[in-house]
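Participant: Turn these sequences into a full structure, and let the hints guide you.
Chains as they are written, first to last, in the numbering used here: chain G, 1 to 280; chain X, 1 to 463.
These are calculated hints, taken from the structure and not from any lab test.
Here the structure is a predicted model, which is why all the values come from computation and not from measurement.
Where is the CB? At the ideal position from N, CA and C, for every residue including glycine.
There could be a bad hint or two in this list.
[To be verified] With beta-carbon atoms standing in for the labels, derived distance ranges:
1. Asp262(G) <-> Ser14(X): 26 to 36 Å
2. Asp53(G) <-> Arg370(X): 38 to 48 Å
3. Lys334(X) <-> Glu8(G): 19 to 29 Å
4. Arg91(G) <-> Lys67(X): 53 to 63 Å
5. Asn419(X) <-> Ala261(G): 48 to 58 Å
6. Cys44(X) <-> Lys270(G): 38 to 48 Å
7. Lys206(G) <-> Asp221(X): 30 to 40 Å
8. Tyr3(G) <-> Asp221(X): 19 to 29 Å
9. Ser425(X) <-> Gly165(G): 52 to 62 Å
10. Arg370(X) <-> Ala96(G): 28 to 38 Å
11. Glu272(X) <-> Arg91(G): 28 to 38 Å
12. Lys67(X) <-> Ala261(G): 52 to 62 Å
If you want the building blocks of each chain, they are given just below.
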Amino acid sequence: MSYIIKKEAHGKNIHKFIISSPMIARQAKPGQFVVIRAFETAERIPITICDSDRENGTITLYIQEVGTSTARIGMLKEKDSFLDIAGPLGRPAHIAKAGTVITIGGGVGSAITYPETKAYKNAGNYVISIMGFRSREHKILEEEMKNVSDELYITTDDGSYGEKGFVSDKLKKIIDSGKKIDEVLVIGPTIMMKVVSDITKKHGIKTIASLNSIMVDGTGMCGACRVEVGGKTKFACVDGPEFDAHQVDFDLLLKRIAMYADEEKESYEKITRKDKDGKE
Amino acid sequence: MAKNKIRIEMPKQSAEARSKNFEEVAIGYNEEMALLEAERCLECKNPVCIEGCPVNVQIPSFIKFIKEKKYAEAAAKIKETNSLPSVCGRVCPQEEQCEAKCILSKAGKPVAIGRLERFAGDFALDEKTRTCAVKFDAGKSKVAVVGSGPGGLTCAADLAIKGYDVTIYEALHEAGGVLVYGIPEFRLPKSIVKAEVEYLKSIGVKFQMNVVVGKAVSLRDLFNEGFKAIYLGLGAGLPKFMNLPGENLLSIYSANEYLTRTNLMKAYKFPEYDTPIKKGNKVAVIGGGNVAMDAVRSALRYGASEAMIIYRRSKDELPARKEEIENAEEEEVKFHFLVNPLEFIGDDDGFVKHIKLQKMELGEPDSSGRRKPVPVKGSDFLFDVDVVVVAIGQTANPVLLEVTPEIKTNKWGNIEIFNEYGQTSMKEVFAGGDIVTGEATVIQAMGAGKKSAEGIDLFIKSL
Numbered sequence: 001m002s003y004i005i006k007k008e009a010h011g012k013n014i015h016k017f018i019i020s021s022p023m024i025a026r027q028a029k030p031g032q033f034v035v036i037r038a039f040e041t042a043e044r045i046p047i048t049i050c051d052s053d054r055e056n057g058t059i060t061l062y063i064q065e066v067g068t069s070t071a072r073i074g075m076l077k078e079k080d081s082f083l084d085i086a087g088p089l090g091r092p093a094h095i096a097k098a099g100t101v102i103t104i105g106g107g108v109g110s111a112i113t114y115p116e117t118k119a120y121k122n123a124g125n126y127v128i129s130i131m132g133f134r135s136r137e138h139k140i141l142e143e144e145m146k147n148v149s150d151e152l153y154i155t156t157d158d159g160s161y162g163e164k165g166f167v168s169d170k171l172k173k174i175i176d177s178g179k180k181i182d183e184v185l186v187i188g189p190t191i192m193m194k195v196v197s198d199i200t201k202k203h204g205i206k207t208i209a210s211l212n213s214i215m216v217d218g219t220g221m222c223g224a225c226r227v228e229v230g231g232k233t234k235f236a237c238v239d240g241p242e243f244d245a246h247q248v249d250f251d252l253l254l255k256r257i258a259m260y261a262d263e264e265k266e267s268y269e270k271i272t273r274k275d276k277d278g279k280e
Numbered sequence: 001m002a003k004n005k006i007r008i009e010m011p012k013q014s015a016e017a018r019s020k021n022f023e024e025v026a027i028g029y030n031e032e033m034a035l036l037e038a039e040r041c042l043e044c045k046n047p048v049c050i051e052g053c054p055v056n057v058q059i060p061s062f063i064k065f066i067k068e069k070k071y072a073e074a075a076a077k078i079k080e081t082n083s084l085p086s087v088c089g090r091v092c093p094q095e096e097q098c099e100a101k102c103i104l105s106k107a108g109k110p111v112a113i114g115r116l117e118r119f120a121g122d123f124a125l126d127e128k129t130r131t132c133a134v135k136f137d138a139g140k141s142k143v144a145v146v147g148s149g150p151g152g153l154t155c156a157a158d159l160a161i162k163g164y165d166v167t168i169y170e171a172l173h174e175a176g177g178v179l180v181y182g183i184p185e186f187r188l189p190k191s192i193v194k195a196e197v198e199y200l201k202s203i204g205v206k207f208q209m210n211v212v213v214g215k216a217v218s219l220r221d222l223f224n225e226g227f228k229a230i231y232l233g234l235g236a237g238l239p240k241f242m243n244l245p246g247e248n249l250l251s252i253y254s255a256n257e258y259l260t261r262t263n264l265m266k267a268y269k270f271p272e273y274d275t276p277i278k279k280g281n282k283v284a285v286i287g288g289g290n291v292a293m294d295a296v297r298s299a300l301r302y303g304a305s306e307a308m309i310i311y312r313r314s315k316d317e318l319p320a321r322k323e324e325i326e327n328a329e330e331e332e333v334k335f336h337f338l339v340n341p342l343e344f345i346g347d348d349d350g351f352v353k354h355i356k357l358q359k360m361e362l363g364e365p366d367s368s369g370r371r372k373p374v375p376v377k378g379s380d381f382l383f384d385v386d387v388v389v390v391a392i393g394q395t396a397n398p399v400l401l402e403v404t405p406e407i408k409t410n411k412w413g414n415i416e417i418f419n420e421y422g423q424t425s426m427k428e429v430f431a432g433g434d435i436v437t438g439e440a441t442v443i444q445a446m447g448a449g450k451k452s453a454e455g456i457d458l459f460i461k462s463l
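Facilitator: Below you can see the structure in the form of structure tokens.
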């Protein structure tokens, strides 16, 4: 059973789960994800693996409450179980010695940059990390990232912590300082990845993005996650989730991830109404 | 004995009622109907009906038990060779198989073998009435089955009955493969699949859900765990698209996605279930097979005012089962024949709004023997839609095979087998069903699973 060994609140609406799942822990590599169906009526949702511990047979996930299924996941407690968890899925990240690498994480996306940042560091790269959050209270993983980065910068939209502004502002500053950057990894909200990709494209810096498509099975069976990369249709679940950012059609991805905005609202209103009724 | 000459019709929900719900269309024979229909079987000395069955169900014998009101025995007789009678009774194309061979079919009215199989199978679904074909003795060698679709279930059941210690590995959270994600509730209720799976558990088959073999474990890992042989019933799990402009617009689904959301994830119960689907008002399903019929009839049940089939050949070439086409027609599915999509056009938010279609005409027969559709020049026109389902087939899913190069595949990515038992280039690995043949039927996959169970038994005995 995939039961929750440890649950911690991290930032606003973000939960860190350490889950017992020996089979997944044994195989998981940076960049891969799991698909979770937390309870009978839940959606299957893809969550990138933040960390894995083969010896103890555990994996670590950071899950942000963004809709109905994730809100209910947020209510789970230690010793509860996820009904179903499958993985590791997707292709592992290709991490090698490139020279100087910038890893950029936005919001809960920072949890995904963490294992890859660690891997870049272990591969002998000089690693600069930029983490962006809305405000101080949304900040996660600062200590962990400090330990695996040569330089760490944090930006907040409102300036309540670190530098005021977006990750893209900080990236521009570093590039403008004349430092030679060999590779950039960006993981976070799609719009952020698009902006970063546009900047690095201008400077000809190789950039990898981890795409957050909607998925159902996560094994290539349905095609819900299809994206266009270099003008060709790819399935994020089996061909990705990481792609050359400069080839990704981010505008299409932005539309596709918003496909069920109306239904999500309807569903979310239903559970919040239920919760309210329950309290009364 | 006075024989009943009239083939007993299957009672169904009315077209009007059923096109608005997801409940089963065909209600099933009651006891009286089953007895009347069973009486029609002539109990031929040389029963050719059996030759028409890919898993050799002993048809006259089980029907004889029905005549004698020994329904549990009838089910046990079927289960000697077919572990999924309630599934087969519902989804097999009997009209092309056993019933086509029935001696009475010469007069156009074969015995309704499928309906009787369903009757007997359903009788034995319950735990109390469940019957087991043969006593099994656990403790023989371990065999792994990858994929819990109809082929995998059949292979596992046959091996369990032979005494093997069988574990099925399934990537999804529900056992049944296409029976749970593909075929809709209104044709095959999921409670039936669940009950058949329970039967397998009762004869000792173990299930490991949520394990993507090739990712979580490799075949090598399984051999290291002591499995002596492996059966691959992977299915054909990679949807085909047409590579047309606009195909990634929103609300364009593969049939796999549309049906998986509906059947496995229960989007028809949204928002009680969290998984949504775009219901659509004008829904176009591209393709003419059984999967296309399942999708278009689902669209009607979601409340579409127009649910349409877009097919590039004519009605005569539709590959779907005749019964399913008739059901769809009764439910007022619209059929647009001899048209082919060229392009999809969307609105500002990226949702599909129109399909550009081209008229076709039938030319000379092609390699499949069907007349080839040829475009009519200058016949393009726009067609309004708000949901599109692409149901033009699937190819082999590469997830397991790309990490297992020892298993030879052909140019389409399907596994090559080297004998009638489905043995692959890795001699301890057998394969069958869609991953070998490309898309085919449930019963063909079951036939292959059965044959591989025999092969695995011979292989392990030879070790």
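Participant: Let me make sure I understand: some of the numbered hints might not hold for this structure. Which ones are they, in numerical order?
Facilitator: 2, 3, 6 and 10
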